[in-house]
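S.K.: Chains A, B, C and D supply the protein sequences, listed in that same order. Letter by letter, the first sequence follows residues 1 to 365 of the UniProt record's numbering. Letter by letter, the second sequence follows residues 1 to 365 of the UniProt record's numbering. Letter by letter, the third sequence follows residues 1 to 365 of the UniProt record's numbering. Letter by letter, the fourth sequence follows residues 1 to 365 of the UniProt record's numbering.
Simulated from the structure, these hints should not be mistaken for laboratory data. The reader is advised that the hints may include incorrect statements.
Note that the list lumps identical chains together, so a pair holds whenever it fits in one copy or between two copies.
Said to hold, decoys possible - In the BS3-like style, the derived pairs of lysine-lysine whose C-alpha atoms are separated by at most 27 Å in a straight line are:
(1) Lys313 to Lys159
(2) Lys284 to Lys67
(3) Lys180 to Lys202
(4) Lys209 to Lys284
(5) Lys67 to Lys339
(6) Lys251 to Lys68
(7) Lys68 to Lys202
(8) Lys251 to Lys284
(9) Lys346 to Lys36
(10) Lys284 to Lys36
(11) Lys180 to Lys346
(12) Lys36 to Lys202
(13) Lys68 to Lys313
(14) Lys67 to Lys251
All of these numbers come straight from a predicted model, not from anything done at the bench.
There are 4 protein chains.
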Amino acid sequence: MIIVMKAGTPSVEIERVTEEVCRYEIIPEICQGQHKAVIGLVGETAEIDTRQVQNISPFIEQVIRVKKPFKRASLEFRYGEHSEVAVPTPNGVITFGQNHPLVVVAGPCSVENEEMIVETAHVVKAAGAQFLRGGAYKPRTSPYAFQGHGESALDLLAKAKEATGLGIITEVMDAADLDKIVEVADVVQIGARNMQNFSLLKKVGAIGKAVLLKRGLSATIEDWLMSAEYILAAGNPNVILCERGIRTFDKQYTRNTLDISAIPVLRSLTHLPIMIDPSHATGKSEFVQPMVMASIAAGADSLMIEVHPNPAKALSDGPQSLTLEGFEELMQEMAPLGKFFGRWSKKNSTTIPMFASQTYATVRF
Amino acid sequence: MIIVMKAGTPSVEIERVTEEVCRYEIIPEICQGQHKAVIGLVGETAEIDTRQVQNISPFIEQVIRVKKPFKRASLEFRYGEHSEVAVPTPNGVITFGQNHPLVVVAGPCSVENEEMIVETAHVVKAAGAQFLRGGAYKPRTSPYAFQGHGESALDLLAKAKEATGLGIITEVMDAADLDKIVEVADVVQIGARNMQNFSLLKKVGAIGKAVLLKRGLSATIEDWLMSAEYILAAGNPNVILCERGIRTFDKQYTRNTLDISAIPVLRSLTHLPIMIDPSHATGKSEFVQPMVMASIAAGADSLMIEVHPNPAKALSDGPQSLTLEGFEELMQEMAPLGKFFGRWSKKNSTTIPMFASQTYATVRF
Amino acid sequence: MIIVMKAGTPSVEIERVTEEVCRYEIIPEICQGQHKAVIGLVGETAEIDTRQVQNISPFIEQVIRVKKPFKRASLEFRYGEHSEVAVPTPNGVITFGQNHPLVVVAGPCSVENEEMIVETAHVVKAAGAQFLRGGAYKPRTSPYAFQGHGESALDLLAKAKEATGLGIITEVMDAADLDKIVEVADVVQIGARNMQNFSLLKKVGAIGKAVLLKRGLSATIEDWLMSAEYILAAGNPNVILCERGIRTFDKQYTRNTLDISAIPVLRSLTHLPIMIDPSHATGKSEFVQPMVMASIAAGADSLMIEVHPNPAKALSDGPQSLTLEGFEELMQEMAPLGKFFGRWSKKNSTTIPMFASQTYATVRF
Amino acid sequence: MIIVMKAGTPSVEIERVTEEVCRYEIIPEICQGQHKAVIGLVGETAEIDTRQVQNISPFIEQVIRVKKPFKRASLEFRYGEHSEVAVPTPNGVITFGQNHPLVVVAGPCSVENEEMIVETAHVVKAAGAQFLRGGAYKPRTSPYAFQGHGESALDLLAKAKEATGLGIITEVMDAADLDKIVEVADVVQIGARNMQNFSLLKKVGAIGKAVLLKRGLSATIEDWLMSAEYILAAGNPNVILCERGIRTFDKQYTRNTLDISAIPVLRSLTHLPIMIDPSHATGKSEFVQPMVMASIAAGADSLMIEVHPNPAKALSDGPQSLTLEGFEELMQEMAPLGKFFGRWSKKNSTTIPMFASQTYATVRF
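Kindly produce the complete structure, drawing on both the sequences and the hints.
M.R.: Structural data, given as structure tokens:
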């Protein structure tokens with residue numbers, strides 16, 4: 001249930017209403033929109049009489065029940081106002097959201113050694129990325145496959161962060177590792193296979209860091225938003241959704257099927273920012289560039305790209321990784337399209353000499 | 001099997017080789033690329049010794065076996081040269097292909113009456129479309145649903161064609177209707193549900209008109225290209241592939257899942273032109289625009305958009321149809337992006353006042 | 001809409017009511033159940049007032065609207081009475097239906113030559129099958145794969161029929177072949193790829209022969225019943241539904257996923273008989289036996305088994321074919337289970353020594 | 001890699017070989033089959049020369065590399081010998097396996113209160129079940145849905161166990177709860193949503209209790225066996241696989257699609273016992289009975305059935321729960337079929353009057 005306050009309501013009145021509604025044994029959340037404030041009521045609202053709430057103040061414009069099963073994640077809960085997730089990094093605050101420049105996350109599947117992660121960090125930063133991704137704990141189908149270097153990989157990520165000032169995104173698989181991870185990570189990733197690991201969702205809901213929630217392999221949009229709701233309900237509002245391909249009947253030429261229509265669908269359902277991971281989705285580096293271009297055109301807020309200094313020798317996911325040069329080229333192709341859509345920041349491109357007066361870009365295969 | 005001739009081979013030598021290889025009881029097909037000619041050998045080539053073929057002429061650069069199960073549809077068969085499908089229409093020849101401007105196909109799901117189809121034709125032409133789509137024979141899940149006006153609808157399409165000069169695309173469901181359809185249609189459509197109606201594929205393979213082959217609901221990329229191969233093998237080289245969404249586990253917010261990664265995948269496998277139909281894919285008009293933008297960015301050669309003067313009263317597929325005004329707006333948003341990618345023709349935009357010096361476009365929902 | 005007549009209504013009164021309702025411009029269909037007669041009204045019934053119909057006769061017990069989108073195919077349309085499809089064959093009438101013994105259909109994917117089809121027919125008959133299956137026209141993914149021997153294969157099926165008295169089931173892919181097919185076939189098969197070839201469905205709806213409708217690769221239960229409705233609506237009540245595996249995300253160890261739960265689901269929705277084809281579903285002969293046993297236990301009315309004298313040399317679908325000996329063994333294993341469920345006929349077992357008497361169980365829904 | 005010892009090899013020689021192979025830095029596992037002993041070598045075996053191993057003893061019949069990616073879970077690893085999982089319960093040891101009677105697990109989705117769980121336990125025991133299932137920690141799509149009574153529910157399960165002697169199966173969602181769970185549970189369940197929660201798999205691999213591993217919603221057979229491999233590789237050989245329906249394109253009439261062909265597929269790939277859960281698979285109590293019958297006929301080793309004293313008021317999954325009477329009836333229908341297949345124990349049927357003697361059949365693979 002939400003209470004929409006009239007435009008121009010004095011803040012003391014908003015506070016008064018917020019206090020009043022506490023008698024219903026719910027938790028109020030104030031969302032200050034561009035024009036109006038909205039108070040979200042979290043908890044058992046089914047029994048609350050909307051007219052009774054309406055009578056609390058003449059400044060109340062409307063009292064609306066949220067019909068979607070995902071409440072705090074729904075766009076309705078913020079009365080149509082999209083949220084943004086601002087993440088402090090050594091290089092400054094980076095904001096994920098519809099009204100912000102595209103945020104580019106790049107890096108290897110796994111952190112393999114200091115040289116490779118630091119080199120990659122320098123190159124992706126120079127090319128315009130704001131975040132470094134790199135797996136310390138790797139969810140692998142086989143128990144005999146490389147499982148990530150764990151804690152020591154976290155130390156290497158810390159070094160890469162120190163060297164470049166990039167924000168760090170890395171995956172948590174086990175709540176027991178969370179304390180160590182949040183010391184280094186600026187954004188904590190929940191992988192596709194743990195999207196419905198509800199215990200873990202509750203735990204990342206209790207930390208202060210932003211959470212990147214990847215869509216499960218066969219999660220419906222609603223399943224996914226319900227998992228986001230677990231994190232929001234546990235008190236962490238900083239959730240970013242990441243589409244990384246779904247499992248369908250055809251796996252011959254791509255690893256998964258990238259559901260790009262999830263972008264406008266999510267935009268119409270939720271206020272949360274949207275990231276696309278074309279590397280895991282397609283599983284092949286040659287398809288990353290066109291899917292990046294499509295994602296930008298469809299309105300994605302962020303992109304996660306797998307980059308490795310030597311994909312042929314990568315310990316995991318080599319075929320889907322771009323080389324360092326490949327990533328630089330990709331960024332040079334993304335920039336004009338990002339600018340076209342008004343979604344390119346100076347930060348994305350400070351150190352790359354950009355093409356003068358480029359009118360046409362070409363889709364590369 | 002293909003024979004790659006050296007650059008600069010005299011055409012008489014190419015002809016001589018072509019005649020020589022006929023002794024293998026195959027049918028030769030010459031593809032004149034930008035630099036080199038390639039002779040494709042169609043038929044039982046498994047037993048042919050490539051070295052023996054190589055010895056036919058010193059101008060032969062290479063003899064290569066096509067390994068893909070789809071032969072003529074494969075990019076290998078044309079030695080990496082993409083094909084184009086040129087369709088004569090009253091307004092001139094329109095060419096579908098990677099090196100040509102985007103071709104826009106628009107119109108209603110079903111032809112309902114003369115007024116609506118002619119009005120729609122005028123508006124979509126003015127907005128920049130080159131083809132009018134409209135169903136005369138409709139494949140409907142229910143036998144009790146409107147099945148299309150059939151032959152009389154073909155007459156109305158003919159009137160719309162006469163009034164506007166637009167090319168006509170309409171679906172054939174029954175070989176018995178093919179003669180009547182080709183009198184009016186410039187491109188004959190095979191619908192998703194008939195993608196593996198092999199009898200019908202053979203029949204449209206025997207006509208002179210271009211064929212639009214929609215992907216089946218759960219057809220793999222390979223299934224789809226094998227169906228294209230049926231048409232090519234029957235002698236019709238003019239095949240356009242149309243992705244229209246696949247069936248997955250999630251149908252709550254979109255009708256199907258638009259597989260945009262099919263664009264680069266097809267580009268790497270086949271020389272045939274690629275169309276995207278975001279209307280059937282999403283099933284909702286509000287998601288058409290972002291999917292159009294994504295398709296252009298991913299490299300589509302053509303777009304098919306459902307448009308209806310009054311979607312709320314459409315006899316079929318209303319929820320996914322744009323209004324006439326909606327289509328005009330869409331074209332105005334497409335134009336700058338089409339230009340950005342060097343894929344926009346003057347023909348797409350002769351009668352619309354375009355935005356001056358537009359730098360940024362926004363994704364609309 | 002259906003009119004349920006009271007038990008014991010005189011037949012003249014049923015006829016009178018049937019005539020009366022014709023004034024609504026619908027077509028009445030009488031279904032004489034075990035206790036009560038039901039008159040189904042086919043056509044535009046939305047506007048008809050049920051109370052007005054009720055008043056036609058005091059013998060009318062109830063007037064009920066059929067809510068399912070499939071009308072004649074629905075169990076409601078027959079007021080819960082399951083139908084049976086009786087097929088005359090040289091060896092006598094064979095009846096498909098819930099209250100009849102299991103009908104076993106066996107034979108090769110394709111009719112290859114006279115010797116193999118006649119030999120197979122003799123063996124499957126001796127083992128207890130009532131129908132011979134064999135493809136004359138084959139839907140193949142590749143245009144270069146064996147397409148069936150066509151008309152000459154029909155002649156060979158006729159010889160096998162003459163030699164054994166078995167009923168013949170063969171597939172129609174093209175309406176142009178239908179006349180020739182019905183000369184030989186006792187049941188005409190619509191293959192999975194043509195399940196939504198609505199033109200063909202209408203045509204087999206207009207013939208007198210029974211139709212076997214295979215489920216499409218990604219057809220929902222409702223899609224499938226709507227396709228059955230096309231045949232029923234065209235006037236042919238003799239439709240048998242055949243589940244043959246659906247397409248899912250896992251194709252590594254089986255070709256398709258056999259949806260055995262379709263049996264009880266269909267039983268609750270439709271009155272039509274249900275066949276299972278475990279050979280196409282699993283794609284591997286070693287999985288046929290357990291799936292046959294499961295199908296019988298779940299209540300299937302009929303089974304279609306692929307059998308070939310020499311699977312290793314089969315022109316199509318060898319890996320899923322049983323040998324002749326394999327089929328004999330299978331029948332010997334099926335018989336006790338068929339008897340256990342009271343679904344085994346003496347006809348199934350004339351030449352096999354059967355097990356001693358057993359207690360019957362019934363599958364409950 | 002496995003070492004197959006000749007039949008009749010003295011046990012001291014088997015021990016000697018086992019010690020010898022330790023020099024390869026692998027861990028040996030002895031599997032004593034009916035006729036031969038097999039020594040499995042676990043670890044990095046790629047570099048080991050099979051001929052060198054062969055030379056260790058003249059009693060070695062064969063040295064074979066396991067080619068499947070799942071090693072210890074593969075049937076090859078035990079040279080074709082199926083394993084059994086014996087679980088001690090107050091009522092005696094219950095053994096899951098191909099050569100043992102069907103094990104029936106029954107109970108509610110969630111433990112709601114003492115009365116309901118104890119009553120259910122008494123009834124399902126009397127009807128012939130050997131295990132009581134009941135959720136203390138519930139994985140729910142929504143954070144606002146009932147999440148299980150947690151630790152207090154474990155106490156109630158302990159009471160039900162004490163009252164009836166039934167074994168207890170309950171799900172673990174969080175490693176932090178594992179200690180408390182194993183105090184009560186005889187079998188620990190990993191739910192479908194946690195099938196690829198690799199951290200949790202490793203943890204249940206380190207306990208002594210048997211683990212029931214449910215198949216993930218869109219897990220391939222191989223994914224699933226790889227997850228089992230995680231548990232086996234962590235040292236726990238007591239894994240039971242449970243098919244509970246997969247996610248497909250059709251969710252209208254059943255919640256999931258029960259993949260019964262998984263039974264023979266698993267039987268051909270792995271030695272582990274197989275359970276079927278028709279309640280979660282179909283999501284509707286009316287489809288449970290036919291799916292139980294099909295599962296038995298296809299060769300399942302165990303069944304998990306949801307039972308609730310009052311399904312209409314269940315806190316979770318009511319529509320798929322049988323009533324207590326419904327379960328009694330089901331057991332009475334299962335018994336003759338279980339006996340028919342030689343898979344029914346006297347323990348299953350102490351209090352039900354059973355049918356007279358019958359001929360046994362065996363499911364063949």
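S.K.: Does each hint fit the structure? Answer for all of them.
M.R.: Each hint tested on the structure:
Proximity of Lys313 to Lys159 under the C-alpha cut-off of 27 Å is restricted to the intra-copy arrangement: shortest distance 22 Å within a copy versus 56 Å between copies. When the C-alpha separation of Lys284 and Lys67 is checked against a cutoff of 27 Å, the pair qualifies only between copies, where the shortest distance is 20 Å, while the shortest distance within a copy is 40 Å. Within a single copy, Lys180 and Lys202 get their C-alpha atoms as close as 17 Å, and across copies as close as 20 Å, so both meet the 27 Å cut-off. Taking identical chains as interchangeable, the C-alpha atoms of Lys209 and Lys284 are never at most 27 Å apart, the minima being 31 Å within one chain and 36 Å between chains.
With identical chains, the CA atoms of Lys67 and Lys339 are never at most 27 Å apart, being 37 Å at best within one copy and 42 Å at best between copies. When the C-alpha separation of Lys251 and Lys68 is checked against a cutoff of 27 Å, the pair qualifies only between copies, where the shortest distance is 16 Å, while the shortest distance within a copy is 33 Å. In this assembly of identical chains, the alpha carbons of Lys68 and Lys202 lie at most 27 Å apart only when taken from the same copy (21 Å versus 37 Å across copies). For a Cα distance limit of 27 Å, the shortest separation of Lys251 from Lys284 qualifies both inside one copy, at 12 Å, and across copies, at 21 Å.
Neither within a single protomer nor between protomers do Lys346 and Lys36 lie at most 27 Å apart by alpha-carbon distance, with minima of 31 Å and 45 Å respectively. Taking the closest pair of Cα atoms, Lys284 and Lys36 never come within 27 Å of each other, the shortest separation being 46 Å inside a single copy and 30 Å across copies. For a Cα distance limit of 27 Å, the shortest separation of Lys180 from Lys346 qualifies neither inside one copy, at 33 Å, nor across copies, at 54 Å. For a Cα distance limit of 27 Å, the shortest separation of Lys36 from Lys202 qualifies neither inside one copy, at 31 Å, nor across copies, at 50 Å.
Taking identical chains as interchangeable, the C-alpha atoms of Lys68 and Lys313 lie at most 27 Å apart only when they sit on different chains, with a minimum of 23 Å there against 46 Å within one chain. With identical chains, the CA atoms of Lys67 and Lys251 are at most 27 Å apart between copies only, with a shortest distance of 19 Å across copies and 36 Å within one.
The structure does not agree with the numbered hints 4, 5, 9, 10, 11, 12 stated previously, though it agrees with the rest.
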